[in-house]
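Enquirer: Sequence order for the protein chains is A, B and C. Residues in the first sequence are numbered from 1 upward in steps of one, following the working numbering. Residues in the second sequence are numbered from 1 upward in steps of one, following the working numbering. Residues in the third sequence are numbered from 1 upward in steps of one, following the working numbering.
Hints were generated in silico from the structure; no laboratory data involved. By construction, the Cβ of each residue, glycine as well, lies at the ideal position given by its N, Cα and C atoms. Check before you lean on any hint, since a few could be wrong.
Part of the chain C face toward chain A, derived, beta carbon under 10 Å [said to hold, decoys possible]:
1) G138
2) S232
3) M291
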Amino acid sequence: MNFKFIARQLAVALISVSLMSCAKAEMTIAYITNGNTNEGWTLINGGAKEAGKKAGVKFIELAAEKGELSKQLAIVEDMITRKVDAIAIAPVDSAGIAPAVNRALAAGIPVIAVDTGITGAKITSYVATDNIKAANVQGEWAASQIKDGEKVIYVTGDQGQSTGQERKKGFVDALKAKLPNVKVIEVSTTWDQTQAQNGVEAAIRANSDIKLIACAWDGGALGAVAAMKGAGIKAGDIKLAGFDGSPGGLDMMKQGWQQANAAQMLAKIGQVGVETAIAAAKKQKVEARIDTGAFLVLPSNVDKFAKDSGVAQFMKEK
Amino acid sequence: MTTPTPVLKINGLTKHYGGVKALTDSHFALAQGEHAAIVGDNGAGKSTFVRLITGAEQPNSGTIHLDGQTVHFHSPLDARNQGIETVYQTLALAEDLDVPANIFLGREEVLVNLGPLSILNHKAMREHAVSLLATTGVKIQDMSETLRGMSGGQRQCVAIARAAGFAKKMIILDEPTAALGIQETARVEEIIKGLKKRGVPLILISHNLRQVFDLADRIWVFRQGRIVASVLTSATNPEQIVGLITGAVNPENVPGATDLLTETVLG
Amino acid sequence: MKSLAKKEWYGVLVATLLLAVILSIASPYFLNARNLSNILVQASVIALLAGGQTFVILTGGVDLAVGSLTALCGAVAGFMMIKLGLNPYLAILVAIAIGAAVGTFNGYLVAFVGIPSFIVTLGGLTIWRGLAFDATGGFDMSGLPAPFPFIGYGDLFGLIPMPIVVMVLFYIVMSFILSSTKLGRYVYAIGSNEMGARQVGINIRWYKLGVYVVSGLCCALAAIVLIGRMDSSSGKIAQMFELDAIAAVILGGTSLFGGRGSIIGSLLGAILITMIRNGMNLLEISQFKQMMAIGSVVIIAVWIDVIRRQRLLQK
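The whole structure should be built from the sequences, with the hints applied where relevant.
Expert: Laid out in structure tokens, this is it:
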């Protein structure tokens, strides 16, 4: 075998490949997810992919295996090497990803945080649901369903996290603004469905006159429904407001358990995240904080919402 | 008395496991430079005897004297430190280490003593290994090769060379050729004959009577947990030994066979 | 050339070079100083864990708890600096003490009590992860004080990334310990023939305990580099790192059955695994395919080990 010959062939191949990639000056966007594979993230990622396809850019989707921060760090570093034009990222950890993000920014690559914010880095933009505004919608709906002075249960998320804090604040503020004397019984959870079920069970037993239950997330609403069933309460006897617009939440609505749901625009989060990344790569000015909004799903519009948002594909109740 | 002190003298060694009398009131002696063979049927007490004199177990009663000194072995390591090197059937070699590493296994020469992190003196160990193998007559082509690439006979030779190199008093070989072919057996026997020339005292445990007659000066016969006879190889024959092993021959009828089987007070 | 081919790490060297050539052709972004330096930095934490793991596997054991122990060391060190304001150098000492203590605990159970290392460290896998969360209240700690940012992403003399410096120094030391100290020699002896090692008078219990302490110390060192690299710490770091570390050791030609292998192979193994991930990232291969690829590589490496062992036994 002629070693020189092979070496020359290799060199030619190398050069031609690198020339080819230089010639194609198409825009490359890296979309780096946190490796979550649940329905919500499938919708967000689907929206992102769709936006990439629509804009005709080269769209690289990579994920941190098992939600491992150091692997996401490595991916960001590899994407800097890959010389992508912009990065849209759903960080595994708001703080831990900062060193790699700062390197990307230093290399002139705009970084857009999707759904979860980043601390410790001056990112180009943060695209996510404004939890306070979305919870305001939930609280206003609750206010329209009951009279002042009545009792409601609120199932919280983790109060050690900004998401949990904001959702509670948004709901309670909006509700109290309309009905200042309403009594809110809190069921504290750390995003745990069983905690929600146990807490709601206890609250119903202690208070016979509950008019409405609102939850910080749809998993909590599932727990609340289980508690109501256990207490012999029929669907609709106590009104229930979910949050997320998840397939499970909308199923509950179709079954008559839920009367309202403050739905996040999941696909839109991914879509706007990537659109913002593309805009930033084109050196257009982008907002530092973009709210993708919330939508109040009611039994009257649940079918249309499910279809438009893409949630329908994951629902049991068609 | 002008008889020189034996290297190893054993008086009344006894080991009972509950009701099982593995070894009872056994007397034994190994002279300077002598090669002795231990023969007997399975369960005759050979293994127990070896375990007691290598420190693997402690006797119920009886004494062991090494070069005239009364000794007690609390562990195999203890026995080894006091001068008895044993080559077990399992050889105690590390197949993945090379020859010098195996020869010095457990007693490495070090440049700096830092406990477990002591720095090894590779050069010294290699040189000593070469000369040690040369004196024992063991030929190894590539010293840096691991034992995995070597035959059973070569490994046995390395193990014997190691024992010979470090034995301050004597060597015990437990069935050294049981797993070997004819040629390899011959090679190992040559090494053992070499030790005889060098005057290294040795106890050989073997089932192979041809080998025993080839190699040993004296044969000790074990039967039913006792040492029943001790005869010079030159004064006996295989038929007689087989008779002693099976009990067909009464030791009282063999001249001198029971002379050494009594208590001796050492001077 | 023949003697080179006989080295355990020859295979992984060839595989690494081959993969480098393939990736150079497949991606225009692979072959440049920046990316190669990135690969070494990314390999550093796994390489540190693989170093300790090599000792354990050479004795015929395995340490499944290295990821969790790394998390425990990192989380506690981070917690003490951020929440309790402890001096960072003292926090490093605390991490090392935790690594040594857990290593001693594992080693005691394996060597003195006689529980198989697989079980001790499988239990430890969840114990230390749980303790990491429990001891730190599940907090994320970010913005570590000096010298952590320097260790994690600083450059020595403005030139060589610190994780690479740490990794290289570590391998020089470990390589020396394995080849030229009693501990290193006995590690091989115990893995080759544990009973024989005992018969020649090696105190195998203490030396077996020792290898788990070495592995624990490596976890502490890996934790220091890892939290520096992320400039943050929490109980959830280093998930599943044991898989990568064990894979690196096996890829490096060290036998899962003990006794045979080399430390340099583990370094090459860690680089190879990282290069596979880096290459797949550059070639835009999805996480699911990456997971399948890494798992397959591990099985193939063990497969090769089993075949090699059968060949050796046939001799």
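Enquirer: Decide, hint by hint, whether the structure agrees.
Expert: Hint by hint, here is what the structure shows:
At about 8 Å, the closest approach between the beta carbon of C:G138 and any beta carbon in chain A falls short of 10 Å, and the interface hint on this residue holds. For C:S232, the interface hint holds, the least distance from its beta-carbon to any beta-carbon of chain A being 4 Å, beneath 10 Å. With 10 Å as the threshold, the beta carbon of C:M291 comes within range of chain A, its nearest partner Cβ sitting at about 6 Å, so the hint holds.
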